[in-house]
Every structure is written in C-alpha cells, then in structure tokens.
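Q: Residues per chain, in single letters:
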Amino acid sequence: MTFKNTLLTLAIIVFSISVQAKLVKSNEIFTNPQFNNFVISPSGQTFIGKSYLDGFHQLFAFQSTTNEAAEIFKLQNSGSLEIIDYNWIDSDTAYVTFKGNFNKYYTRFIDFTFKEDTFDIDYFDVEAIGFVINPMSTKDNRALYAKLNSDDEKFDLLEIDIEKLKSVKATKKNHQKVFDSFRNLSDGLDNTFEFFVSNKDYQLEMIGQYFEDYNTYSIYDLNTDSWREFFRVNKNTNEDKNYSRLDIFEPVGAIDERFIVALSNMGRDKTAVIKFDASLKKEVDVLYESNSYDIKSATFDTIQNKLTSVTYVDRGVKKQKFLDKPNQALQKDLHQQIGLDSIFIIDSSLNNNDLVIFAYDSTHPGKFYHYNQELGKLRFLQNEMPDLHPYTFRKGRLLTAKNELDNIVEGFLFLPEAPNKHPLVVMPHGGPIGVQDRNEFDQATQFLVNRGYAVLTINFRGSAGYGKEYMNAGREQFGEGIEADINLLTQKAFAHPSVDKNNACIYGTSYGGYSAVTSTIIYPQNFKCAITAFGVFDLPLLFSATNLNQTESRKDAISFIVGDIDADYNKLKANSPLYKASQIKVPTLIFSGLRDEIAHPEHSRRLNYVLTELGNTEVQYHEYTLSGHGHRNWRGDIHQYVTIVEFLDRHIGKNKSYPKDDHNVLANDNFNVGMIYYNGTFVEKDTKQAERYLKLAHKYGDDRAAQYLRRLGIYNF
Amino acid sequence: MKRIIAISAILLTLLVTGCATKLEQFKDNSTLNPDDRKGVVVIAYESDTAIHSLIFSGPAKVAIEHTLYDQKHNYVVTTMPAGTYDIIRAKIYNRYNYIELGSDDGGNWKVNIEPNKINYIGHFNLDRIGAGFKVQTKNESTLALSFLKENYPSLMNRYPLVYAKDGTRDDFFSYIKTLEGEE
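So the protein sequences, as listed, match chains E and U.
For the record, in the first sequence the residue sitting at position 602 is 602 according to the working numbering, with numbers rising by one throughout.
For the record, in the second sequence the residue sitting at position 41 is 1041 according to the working numbering, with numbers rising by one throughout.
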C-alpha cells in the first residue's frame, strides 16, 4: 500500500521578539505539548517528529535539508488510541507501535523512498503487543523485537526480518507464523520483562525476570553457556526482605560476562553509578557519584566500554553531564547558543555527526534542535508548546535552610515580573516520599505566577534526589518534620523583599493537600487560606477507604509511608486534620476526584462535611466526576486553576487588578469554566455557576457567552 | 420406597441449607426487637454492571437481592442477625452468574453486624475492567450519613450509626456525633 504524502509546512520559525509579560489563557497552558519528540535516522538525513495538533496524534517526517514535513501516521485523540513508541530501524525504515481500536496493539513498519527533497512511504501493520528493543541500525530491515507471549506470560525477544513479515498476506495468523520462524534470543527463559542487548553483536547479555515473589536480574555466561542470576529482590512481605522500598538497583549495561554497570544506592546513601561483579554479586567500584545528589540515569557505551554521561538534578535543574572532553565542549557551546539551563542530546545519527537536542528550563517548556557537528550548525526544529511562545515565564530562585536534622532543605521561589510585593502561594508537593520538585517549567506554578502570585515549592525531607537518608527522614512525618521543613522555607520566602508575608496561602495536591490544611493548624500565623486537591485528611481512612487496602501487602505499603496503623492508630488519628478541624480557621478550598483510588474522595467529603458543620470558616468544595488522582482531561485543570485564582484573588490578592489588555484572557477563562458547568461533563451540571461565569465572560467581552446565557433563559447581562 | 424418601430428604436438606435467606426492606419507622439481636444494615451499590444479589455467610446465610434497592437511591436498608459475616459472592445479571469473593480470596470481605445499631457496610463497588471486574467495598461514610439523615431521620434518632466493615477502625461517625453534641 503506497500513498503520496501531501506536504505540510512545518512552522520552523525562530521567534526573537521578546514580549512583555501578559496573561496566558488557561487553555493555552493547560494542554498537551504540541510537539514532544524528534528522532533522527541512522544516516542523519531524515527526522521523524511527534505532534498533537487539531485533535490528532501525528507523526511527521522531513529531511534535514528541508523545512517541509509530511504526515506519515495519524491517530484520532479519542478513546484509548495512543502512539506508544516509534523510531527508525534503518535509514529508510521506521516503525510505530500504537494502540488502535478495540484495545488492539499494532506495530506499523514504514518504508521510505527518497526523491531529492521529498519521499514516498509504503507501510504495513502487524497486530501484536510488542516493542522494538534494538533497531539493529547496522543491519537493513532487521530489528530485535520483544513480543508478548501471552500463553507463557512473558516477552520473547525475536530478531525480526521486516521483509519476511511484509511478504505474507497481512493477517494475524500469517504474521504469527512468520514470527514463529524468527530466531528467539530469549528461548527457554521464563517470565522475562527486561532485555539488555549488546550493540556490538546484538546478543542478549542481560535479562530481568518477574516472578510472583521476587524479581531477578541475570547475565549470560559465555563460558558455561548459561544464565547466571546476580540480583534478586524478594517481594513477599512475609518473608525476609533483602530490599528496602527506598533501595535502587537498576542495571545500565554489561561490561563483559562478569561485570555490569548499574545505578544503585544499596549500601550507600546517594544513588551512584557502580561497577558490579555479577559473579561475586557485589559492588566493586564506583564509576560516578555526587556528594549532594542522586544520579538519575547514566549512559554506558557498550562498544567503547565506557560510561559516557550521567544525569542528576543539581539545585533543581536536571543536567546531563558528559564525561568526555569533546562532548563537554559541545555542551558548553550549545549552552551558549541556546541559553536554557537543561540541554540534552536525545538522539544521534549512527556516525554521531547529527544530533537531536532538547533544551528546556523553568522559563521554557522545551525546544528541539538539530545540530550538525561537522558544520557546527545548530538548527531550530520546534518548540514543544509553540502557543506559549508569546508569553514570558519565570525562573525560580533557590532558597535553602538547614533543618534540625542538619539537612539542607531546598526550595524554589518563583516571583512575578512586576517589582512590587507579591502575595505568596506555598506549594508543598505530593508523595511525600520519593517526589522531587524542580526548578523547571511547571504549568501550575507558571500559571499562578502569571496571575501575579509568588510561588514557593519545597523539597522537604522525604523528597527524592538527595539520598536515601533524606527520603527516609520523611517517613511517618505526617504533620511533624515535613511541615517543619515547609515552615522553615516559608519563613525564608517571607524574608524576601518581593514577598508580601501578610498575604500567603498554602496549596497542595495529594500529600501536599494534607500538608496545606495541616500547616494552617500548626502554623496558623503563616497562612490566610488553604487549598487542597485530591488530598488526604483522615490518616486511618487510608487503610479503611476500601477493603482492598486491608491486604497485608497494601497495609505494608501504606504503613511504610504513614506509620503502622495497628501500633500507631492514635498517633495517626491525632495527626489527621479532620479530627482537629475546629482548629482550621482559614477559608479552605477543596477539590476531589470521584475516581480517585489513592486519596479516595471520602477524605475531601469528610473535611467538607465537618468544616461545614462547624461553620467556623468559609469552605468551598468541588468534585470532579471523571477525575481520579488528578485530571485525565485538561478541562479539569482549567476549572481547577481558574477557580484557585478566583479564590486567591478574594483572600490574598484583593488589590490585584488586571489591565484592560488582559480582559480577553479573563473572558476566555470565564467562558471555559462557564461551559464546564453548562455541559456538566467534568463537574456536576450547575446552571447557576454556568450563569455566573458566562456573565463574567460576557462582561470581559466574550460574545460567545451571550448565546449560552440566552439558552439558559437569561437576558439581563 | 424408603430409599427414595431418604434421598429426597437429603436433597431437601441440601436445598434448604444451600439457599440464602432473603431479606426485607427496613423502613424509617420500623423498629427492632432488642431480643432478636438483629442489626440494621445499610449498603450502597456503585456498579456499571447489574447486580442481582450479594451473598453473606455468617450466623446465617443471607442474600441482599436487587429487589431491595430503594427505588430512588442506590441504597439497601435491611436487617440481619448480629454477628460476623463474610461477603462470599456477588451475583451479577441474574442468579446464575457470580463473582467469587470471600476473605480467603484476597481482600477483607468481613463485616461485623452489631445488634440494635445501624451498621453501614460500605459502598459495594463493581467496575468492569476489560474482560474482568474490579470489586471492592468502599468506605463512603459521608454519603451514607447524608442519605440516612435525609431519608431515615427517625431511625437515626433511635439507633447509633456505626461503620461495620471489619479491619481498621473508623471513628468518623462517633466524631460527627461528638461534634453534633457540641453544637
């Protein structure tokens, strides 16, 4: 099946005009990235990019010499349809794995025929749940493909020949016969879930296996022609555990049949890149470590047998550090040319001459570039969110303080552009264990800053990135040490001349929601209001919210974070803001998701019920009918954040006014929220609220609001 | 002939012991006889699939059938002999299709029915996932409390409301009672 592509113009325009800060529309910031990845062919001649435009998930391709791209694959944004993976197999063959209609999985193989600046494509689909593990870039039309073997509940690693698959009539049965004829590199191995393949000879050299009570990693021993297990994690909580929930051991690659490279914090505090002896089953060398931060990932060149780069989050900024001088020089050059904090090489041609660069920081959601090393030429490809280009966003300032455990607590203070004092929103993150806030572009933070609020994020004890001890220090600290850390940095923020310490509110999601409400009880002088989304307020209810949480494994998992419910029931109850609700004296805004299986909506309902019964303060409660532990649709975020800003404006931003130029943005936001109430899809239909928001939208100049107000029978607007 | 009678007697016994007792709706103005040692039972259903009945095994084998649904709400208010029960089966669509439950089968399906109290068991939740189901009892005490206050005010005045699901204690209802006492 061949078809000619209609050439589409890829808007590759480098904007250089700096625009003054202006209000961003909620639906422009709370949306999917329009462009979210680019990959380059092994020859370096052709790119494939992924976009989300006009309700379609698309793949488009273009040659490095042109500005014109052609759509090569498209999926409607409906139901569960999604692009799972795509990449090049060789310089004229690509693949895309996707979930199609009726929850069926397919891999499409796409052949390119190039003609000067254009190309034709030819494709065929194979129905199978599988992923390309290694494109075998030096072999035409070959790839290592991990295919689900549902009979044996494992993945088979097959060396597929695309021409053979293409040669048969395209039916599932025919393709299965062809699959059965391919060499199975994992033949005889049970429960395989992870494969490590050598780039030298494409041999399978390490595997991960998943069993009911434990997971294992094994290495192939050439001498004995057998697999040797070198790492096992027992999962069964009733047996001796060799592994804490905070331990990390992730193989990166094999050096040879004895030694491997892994990320590990076993027997150490910070996650480091280590050399591990698979025979002796122990760490023998540290290849890279940081005194302050966990290493998040590493790249190991199996051909040159050396560690080439590591990534870690340094003072909130994710960095890729190259360990060889040429790449370090390249990165320095790219930093100077691009000017953003985080710069990553995300793909390269086979000869490493052509690179795909992704750069971002807190002021920018991300930009993609093509860099040709030979020519030293950097070419802008696309912004991740082009619609946000007209707006300016703010970088966070690092705040640090030492807590009573002698830990340095990091936080990031984001200040609006205007020089005056700003009301403050303290935003503790969820988790609380193993989550890390970064000084990177965050839609919620930047939206609030854009609306004139200073925002403080905090990596309190328990946060990830600072070592195991720091994470461990946050366990069982609900309403105790964690809130003390938050207070510590709140005081630091209050001391900043641009922060109005008399007008602060605390807002968080999940654990952050708990912390927001709890902090108003422990530190009542700090905050004038609290906002909580998908929060927990009754700690024993974490265990009793569903009978499924009564299994030993779930109880164990919750207890690890919160504390032992059987031994410490009274302590958990005492640290539950629900049972101290009479001490909540500030206006409280509550959001919950009816499909939330983590922080069940019962938590929020209870808090709303009790605060309403007590009548000590204003309480505003919103339930999202289709949301779980967060929103699945951006309409939920739009409603949530427009409501939050309205609440903040009433309680800590009273003197705030919006210039006339921004009224169209306010009109748009109010119209969107009005329509959410009007349609009643994401929140319960509420014609009174619809009327209120649509009237506001109309007041700010949105003519669309008038027709819906009339449909509600309202003419006096 | 004797043999036939004997077999019939065995079959009759099996039928009698195999059948679950059907329960009846309990109205707002109904009262419990304290000597019967029965508890009022409240359960709600949240399901994307038609539930025929829930089978409880304990001091008696009882079935809460779909015919007991309040026509306006998704709640069943009925009575059961006090004691500890295990929810062992959810019959879906009709009496012949069922999902095996029970505390030996993963999850805690036990409920403790206290005499002369309103025992809220939970919201029985059944969600179709692919070809299977996710089944659980959710603790949605606030919804149950609001429902009972609105629809069973007299009952709420006469009997204390307790959370009857076995497992971690839940003090919410007693906390609300304390708050109401403070008003």
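Honestly, the hints are just simulated from the structure, not real lab data.
Note that the coordinates shown come from a computational prediction; the quantities given were computed from them, not determined experimentally.
Some hints could be false.
As the list claims (entries may be wrong) - A short, non-exhaustive set of chain E residues, derived as facing chain U with CB atoms under 7 Å:
| id | residue |
| --- | --- |
| 1 | F543 |
| 2 | S544 |
| 3 | A545 |
| 4 | N547 |
| 5 | L548 |
| 6 | Q550 |
| 7 | E552 |
| 8 | I565 |
| 9 | A567 |
| 10 | R605 |
| 11 | R606 |
Claimed, not checked - Okay, the calculated bits of chain U under chain E, using three or more residues with CB under 8 Å as the criterion:
| id | segment |
| --- | --- |
| 12 | 1107 to 1114 |
| 13 | 1139 to 1147 |
| 14 | 1167 to 1180 |
For glycine and all other residues, C-beta sits at the position ideal for the given N, C-alpha and C.
Q: A separate judgement is required for each hint: does it hold in the structure or not?
A: Going through the hints against the structure:
| no. | hint | in the structure |
| --- | --- | --- |
| 1 | F543 | holds (4 Å) |
| 2 | S544 | holds (4 Å) |
| 3 | A545 | holds (5 Å) |
| 4 | N547 | holds (5 Å) |
| 5 | L548 | holds (5 Å) |
| 6 | Q550 | holds (4 Å) |
| 7 | E552 | violated (10 Å) |
| 8 | I565 | holds (6 Å) |
| 9 | A567 | violated (12 Å) |
| 10 | R605 | holds (4 Å) |
| 11 | R606 | holds (5 Å) |
| 12 | 1107 to 1114 | holds (count 3) |
| 13 | 1139 to 1147 | holds (count 7) |
| 14 | 1167 to 1180 | holds (count 10) |
The structure shown violates the earlier hints numbered 7, 9.
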